[in-house]
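Chemist: In full-length UniProt numbering, the protein residues as written are 1 to 340.
Hints are computed from structural coordinates only; laboratory data are not their basis. Beta carbons are placed, not taken as given, at the ideal position from N, Cα and C, and that holds for glycine. Honestly, I wouldn't trust all of these hints.
[Stated by the list, open to error] Derived DSSO-like pairs (lysine-lysine); straight-line CA-CA distance at most 30 Å: (1) K276 x K253; (2) K225 x K276; (3) K230 x K258; (4) K167 x K295; (5) K42 x K188; (6) K56 x K225; (7) K226 x K134; (8) K295 x K170; (9) K135 x K56; (10) K134 x K167; (11) K119 x K230; (12) K170 x K276; (13) K226 x K242; (14) K135 x K313.
[As the list claims (entries may be wrong)] Across the chosen pairs, the derived CB separations fall in these ranges: (15) K101 x R163: 36 to 46 Å; (16) F312 x N178: 46 to 56 Å; (17) E269 x K186: 39 to 49 Å; (18) K226 x E171: 34 to 44 Å; (19) N211 x E171: 34 to 44 Å; (20) D148 x F88: 24 to 34 Å; (21) N211 x Q304: 47 to 57 Å; (22) R281 x D177: 19 to 29 Å; (23) K225 x S82: 30 to 40 Å; (24) M46 x K101: 18 to 28 Å; (25) K306 x K199: 35 to 45 Å; (26) E164 x L318: 41 to 51 Å; (27) F312 x D177: 51 to 61 Å.
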Amino acid sequence: MGGRVIDADSKPNSPSNGERNLVLVGRTGNGKSATANSILGKKAFMSKAGSSGVTKTCEMQRTMLKAGQVVNVIDTPGLFDSSADPEFVSKEIVKCIGMAKDGIHAVLLVFSIRNRFSKEEGAAIHILESLFGKKISDYMIVVFTGGDELEDNDETLEDYLGRECPKPLKEILQLCDNRCVLFDNKTKDAAKRTEQVGKLLSLVNSVIAQNAGQPYTDEIFAELKKGATKLRDTQVEVDSLKGYSKREISELKEQMQKSYEDQLKRTTEMVESKLKETTTRLEQQLAEEHLARLKAEGAAQLAQMKSNEKIFKLREKLERSQRETQELRNRAPQPPCPIL
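Starting from the given sequences, assemble the full structure and let the hints guide the process.
Modeler: Take a look at the structure:
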């Protein structure tokens, strides 16, 4: 599948039914990797400030909480950056699905209060819904990074959203049933780190309960899991075959691997096709909205111009009338001076 899977503090025989798969998505530079590290409680992912991004491919790392629950954290590159290539994005989405093979328990949409909310971020929710269906919004939680900046300004998240919440962001929060949490990934305060991770995991548990304990899956998950299971089972059967040379067994395995890779390729192409279709539709929608806004602004300017012209003509008429009145007064015969 590609990508990397690294264990962090997990025990080898952890029961899979208690695992939580969390996927972080967001624009490059919003602090996805730093947030993932905060959740894990250690620097497991490479992270640094900047707009270029450190994460180049999907990675998964896991940890075990004190209660014995395993949390799998999947960090993704900037999948919805305007510069991201559709083919690259499609491959990474398929990798991500392969890592969360049993389903996604929560999708963490990571936004930064340091960065202006972009139109690409506004479109991300529509792209996710197009790829995975409307149901995916039931698994979404918004994470705002940059909590230290708000603290420095003596502001709360509510204060920030009260003054810096454009309409697309409001719509995302409404779709998420206002599930959001503020993260300060720079803090050295252990109690604060524990508190913010606790708030997030509480929201994750709420999402799981709301969805009757079922992680998010769809036909893409099902197909990939079916293909992987078939490959694994067939490899076991081939290994147990008798009367075949090593070369023949190796060729059989190569055929199976190729069949599985072909399936991955078909799935990636399907995702890419959906992605391109959605992106084109959104770009067309944005273009139409921009054109409508320009027309509205043009109509308003024209109306203003007409109004200004009308006012100018009325003022000109009034001034002409005043001049004519004054001329008439000047022409009128003056009364004779009384003789004292």
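Chemist: If a hint holds in the structure, say so; if it doesn't, say that too.
Modeler: Evaluation of the provided hints:
1. K276 x K253: violated (34 Å)
2. K225 x K276: holds (25 Å)
3. K230 x K258: Holds, at about 13 Å.
4. K167 x K295: holds (21 Å)
5. K42 x K188: holds (12 Å)
6. K56 x K225: Answer holds: K56 to K225 is near 24 Å, not above 30 Å.
7. K226 x K134: holds (24 Å)
8. K295 x K170: holds (26 Å)
9. K135 x K56: Roughly 28 Å between the alpha carbons, so the hint for K135 and K56 holds.
10. K134 x K167: holds (19 Å)
11. K119 x K230: The given pair, whose Cα atoms are some 41 Å apart, is violated under the 30 Å limit.
12. K170 x K276: holds (26 Å)
13. K226 x K242: holds (26 Å)
14. K135 x K313: violated (60 Å)
15. K101 x R163: 36 to 46 Å: holds (42 Å)
16. F312 x N178: 46 to 56 Å: holds (51 Å)
17. E269 x K186: 39 to 49 Å: holds (41 Å)
18. K226 x E171: 34 to 44 Å: holds (35 Å)
19. N211 x E171: 34 to 44 Å: Given range 34 to 44 Å: violated, Cβ gap about 21 Å.
20. D148 x F88: 24 to 34 Å: Holds: the Cβ-Cβ distance is about 32 Å, inside 24 to 34 Å.
21. N211 x Q304: 47 to 57 Å: holds (52 Å)
22. R281 x D177: 19 to 29 Å: holds (26 Å)
23. K225 x S82: 30 to 40 Å: Between K225 and S82, where Cβ atoms are some 32 Å apart, the hint holds.
24. M46 x K101: 18 to 28 Å: Holds - the Cβ-Cβ distance for M46 and K101, about 24 Å, lies within 18 to 28 Å.
25. K306 x K199: 35 to 45 Å: Roughly 56 Å apart at Cβ, these two residues miss the hinted range, so it is violated.
26. E164 x L318: 41 to 51 Å: Between E164 and L318, where Cβ atoms are some 48 Å apart, the hint holds.
27. F312 x D177: 51 to 61 Å: Holds - the Cβ-Cβ distance for F312 and D177, about 55 Å, lies within 51 to 61 Å.
Of the hints listed earlier, those the structure fails to meet are numbers 1, 11, 14, 19 and 25, in rising order.
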